[in-house]
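J.: Residue numbers (this note's numbering), protein chains in the order written: chain A, 1 to 265; chain B, 1 to 140.
Treat the hints with care, as some may be off.
What the hints assert, rightly or not - List of simulated lysine to aspartate or glutamate pairs, DMTMM-like, C-alpha gap at most 25 Å: (1) Lys14/B with Glu113/A; (2) Lys64/A with Asp26/B; (3) Lys117/B with Asp81/B.
Think of the hints as simulated: they come from the structure by calculation, not from any bench.
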Amino acid sequence: MLIISALSLSGGQGKSTTILFLAKMLAEAGYTVLAVDADPQGNLSTFLQHDLQQNEPTLLEVVKGTVALEDGIYPVKGSDRLFLIPADDALEGLQDYLSTSGIGALMLKQRLEPAMKDFDICLIDPPPQRFQLSRSVIGASQQIIIPVELNVKGFGSLIRTTAAIEEFINFKICHPEILGVLPFRDRWAGLNRTKECETWLTHMKGEMEPEVFLPSLRESTKIVRAISSGLSLSALAEPGEKYPLDEAFKELVQRITLRKEAAHV
Amino acid sequence: MSDETSESMVERIKRRSSSSRATVPDRSTSFLEITEGATTPPLASPSSPTALPKPSESDGLLETAARRQIRLIIDLDSQIDDFCKRHKITIETYLEALHVTCRDDTAILGKVIPEAKKRLLERKKAGKIRRLQTQMKQDI
Chain A
1 MLIISALSLS
11 GGQGKSTTIL
21 FLAKMLAEAG
31 YTVLAVDADP
41 QGNLSTFLQH
51 DLQQNEPTLL
61 EVVKGTVALE
71 DGIYPVKGSD
81 RLFLIPADDA
91 LEGLQDYLST
101 SGIGALMLKQ
111 RLEPAMKDFD
121 ICLIDPPPQR
131 FQLSRSVIGA
141 SQQIIIPVEL
151 NVKGFGSLIR
161 TTAAIEEFIN
171 FKICHPEILG
181 VLPFRDRWAG
191 LNRTKECETW
201 LTHMKGEMEP
211 EVFLPSLRES
221 TKIVRAISSG
231 LSLSALAEPG
241 EKYPLDEAFK
251 ELVQRITLRK
261 EAAHV
Chain B
1 MSDETSESMV
11 ERIKRRSSSS
21 RATVPDRSTS
31 FLEITEGATT
41 PPLASPSSPT
51 ALPKPSESDG
61 LLETAARRQI
71 RLIIDLDSQI
81 DDFCKRHKIT
91 IETYLEALHV
101 TCRDDTAILG
111 KVIPEAKKRL
121 LERKKAGKIR
131 RLQTQMKQDI
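If we strip away everything but chain A, and leave its shape as in the complex, we get (with noise of 0.2 Å):
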């Protein structure tokens, strides 16, 4: 199992976005996919239309060790192969508990590992602020993605992001790589990007290697549509359209695809 994480340490820069339309696409694409709600806002859950019950085990039960991760596991609906751990805002309360152990970091990973054998790809939607929670989230992942906002919210959050990551990678706890750099909200007038847009965009790829970031995710009212219908990008996709919503989520399938091939090899 690859496990994958959309982390940006920064709200609203589309992390449980790009995790819902990603777990979608890669499930449809035949692989078996388990996604995980690390954000006690469960926002991931909702979009997934699980209808969570209090007594139901969560990732809370899942990371505490209360029952075992098989339990904390649920079929999306609608989905053969896409299966969820969600979460509620008592997730909050796991803060505590990761940052009393002594392995709090590599916590998330070690539940994980009885799921390695039977799913293809874990997708983790993570809290935004440096929680404990996020620290594990890290700790777990083998690929990053960072999706951020084209603003100066987004740029500050590229940089925190990556700062927290190669600060793992320094202290040898875990050494996961960036699969791409994800720009959401990209305006548009016309034929041309906005001004802040560009701005911003040529910011962030002063601070990286051009080749990591992906095609950016235009600002569209479709987005917002398909997480309320529960249907995928491509499906409101109209034939001939010029620039297709999901050319980002396709670039990711085939980054994703092409490792998961190397790692067979």
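Here the structure of chain A is known, so what remains is to put chain B in place on it, guided by the hints.
T.: Same frame as chain A, but now just chain B:
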């Protein structure tokens, strides 16, 4: 892709019914109570910042059962409410006190239990009539 290797856990999860899944105690999603298991103590009242009881001191404290909903006949509901307000007690403590006072008094219980049974029959009868009225409305 893991068509062969995914048989075990994935297939078990697909086959699983909700009744066979482990359950957990209801999670508290309260913003204030979320500090369960915290290393820092919960906030004390401003007047007694260090007055939190030690675990041994709180052992003998009263514990209440899970909240239960009770519905009373309208006029008695307001009568009991007024009575409790007048005497500065709560409906819960009034009910508890009535029970502990009456439970060993056979003379009083001889009146209370038949009265309670009569009321139960009246409620059941009223429930049946209300159900029939609802069905009739739907049929129409």
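J.: All the hints need checking, so say for each whether the structure fits it.
T.: Okay, the hints, checked on the actual structure:
Distance check on the hinted pair: Lys14/B and Glu113/A sit about 20 Å apart at the alpha-carbon level, within 25 Å; holds. In summary, the hint linking Lys64/A to Asp26/B is supported, as the alpha carbons are separated by about 15 Å, within the 25 Å threshold. Between the alpha carbons of Lys117/B and Asp81/B the distance comes to roughly 23 Å, so the proposed pair stays at or under 25 Å and holds.
Hint check: no violations occur; every hint is consistent with the structure.
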